[in-house]
Amino acid sequence: MIRALEGDAAAYHELLRVLVPQLRAFFRRRINGDDAAEDLVQETLIAVHTKRSTYDRSRPFSAWLYAIARYKLADHFRMAHRQAREELNDSIAAPDFEMASIALIDIDRLLDGLPAKQGAAIRAMKIEGLSVAEAASVAGISQSDAKMSVYRGLKRLSDRVQGRVK
Amino acid sequence: MMALRHGTDQLVDRLVLDIRPAQRGMIALRLAVGVTAGAAVSVILLILLVGARPDLANVLQSSRFWSKAAYMVATAGASLLVASRLARPGSSTSIAWIVPIPALLYLPAAGMELMTTDPSQWGPLLLGAGWQLCTWLVLILSIPIYGGLWWAFRSFAPTQMGATGAVTGLCASAIAAVVYCLHCPSDTAVFALVWYTLAFAIAAILGSIFGRRLLHW
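Chains as they are written, first to last, in our numbering: chain A, -2 to 163; chain B, -9 to 207.
Keep in mind that the hints were calculated from the coordinates and are not lab data.
This structure is a prediction, so every number in the text was calculated from the model and none was measured.
We treat Cβ as the ideally placed atom computed from N, Cα and C, and that holds for glycine.
Hints should not be assumed to be uniformly reliable.
Label-pair ranges, simulated between beta-carbon atoms [as the list claims (entries may be wrong)]:
| # | chain 1 | residue 1 | chain 2 | residue 2 | range |
| --- | --- | --- | --- | --- | --- |
| 1 | A | G160 | B | F200 | 47 to 53 Å |
| 2 | B | F200 | A | G126 | 54 to 60 Å |
| 3 | B | L7 | A | A97 | 53 to 59 Å |
| 4 | B | W141 | A | L85 | 36 to 42 Å |
Far from chain B, some chain A residues (derived; all Cβ distances over 10 Å) [unchecked claim]:
| # | residue |
| --- | --- |
| 5 | A100 |
| 6 | I102 |
| 7 | G110 |
| 8 | G116 |
| 9 | K152 |
Which chain A residues face chain B? A few, computed with CB under 8 Å, are given here [to be verified]:
| # | residue |
| --- | --- |
| 10 | A33 |
| 11 | R49 |
| 12 | S50 |
| 13 | D103 |
Put together the whole structure using the sequences plus the hints.
Quick look at the structure:
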């Protein structure tokens, strides 16, 4: 390492070649997954390279090297932990379900404010997805009456929503 | 897997191509530059905020002034030494015990003051000419120095983030206290030991909190 610090490329190459299997063994013993271990080997090599001037020539090289390797390992666990926690949060929160529930409550409130026939027609055709004929027979009214109720109801709703916005 | 191993070999080749002789004494040099720049900003800040004390020329001959300054310089030096150890991965930090030594050496001076002062006068002795200002100003003046230390540590490789942050915070506040000596009108050991040490403790705690985020590499 000391010759490498002086800028001796051949010595540096030799050193890194020796380090790779050592680091590989170090990480594989400690984490699952050879790919993740290999990533950490590479990250440690980059750190050895960029931080090489923090090596104190009077101290053992391996203490310096494994302190960096342990730091990278701790970093890996911290990141994996954070990721796991975020995923857990996402699945607990279920934002789609929350949004859908809030929307349903809003729709119920708005439709309740309409005349009963219009509200029922909109609910049957626009929310439950019935055809005009089915909705008309359920409500006991003619098809044109059902269509007209939906049209008037939606118009009244949109007037009301816009009026509230303005 | 083979592809990844191949990637590692390629990485080794690329790193070897990039090798240049490493700078010797890089840590000491960067610490010196960071601290000097930060302290210079603090001195300017002090002059802009409150100015130097008017009797500065006189107190330069007083032993009280110098023992107070020595306490802070020694604390700054001790924490800087520990910080330079923390900058290197795997270095021994067993010298951390030197950090509280200046405070312990200064303690008898404060004891002497209390003994030679009538107990009814202990209040003014302790409260001096404005302790709130002193503690807060030291903390404010330590911000540029903490910034300078942070700049220096960006090219280092600290592995104990909490400890490194605390020691750099302590060091920044001790140097800030030296700067603040140019203004502080209270020279008694009791005052310095209580309020400056309070500022050091707050700075160390804040430094440790921020260090965990700022020093990551």
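We went through each hint and held it up to the structure:
{"no.": "1", "hint": "A:G160 / B:F200: 47 to 53 Å", "verdict": "52 Å, holds"}
{"no.": "2", "hint": "B:F200 / A:G126: 54 to 60 Å", "verdict": "57 Å, holds"}
{"no.": "3", "hint": "B:L7 / A:A97: 53 to 59 Å", "verdict": "57 Å, holds"}
{"no.": "4", "hint": "B:W141 / A:L85: 36 to 42 Å", "verdict": "38 Å, holds"}
{"no.": "5", "hint": "A100", "verdict": "39 Å, holds"}
{"no.": "6", "hint": "I102", "verdict": "41 Å, holds"}
{"no.": "7", "hint": "G110", "verdict": "52 Å, holds"}
{"no.": "8", "hint": "G116", "verdict": "55 Å, holds"}
{"no.": "9", "hint": "K152", "verdict": "56 Å, holds"}
{"no.": "10", "hint": "A33", "verdict": "10 Å, violated"}
{"no.": "11", "hint": "R49", "verdict": "5 Å, holds"}
{"no.": "12", "hint": "S50", "verdict": "4 Å, holds"}
{"no.": "13", "hint": "D103", "verdict": "41 Å, violated"}
Of the numbered hints given earlier, the model fails hints 10 and 13; all others are met.
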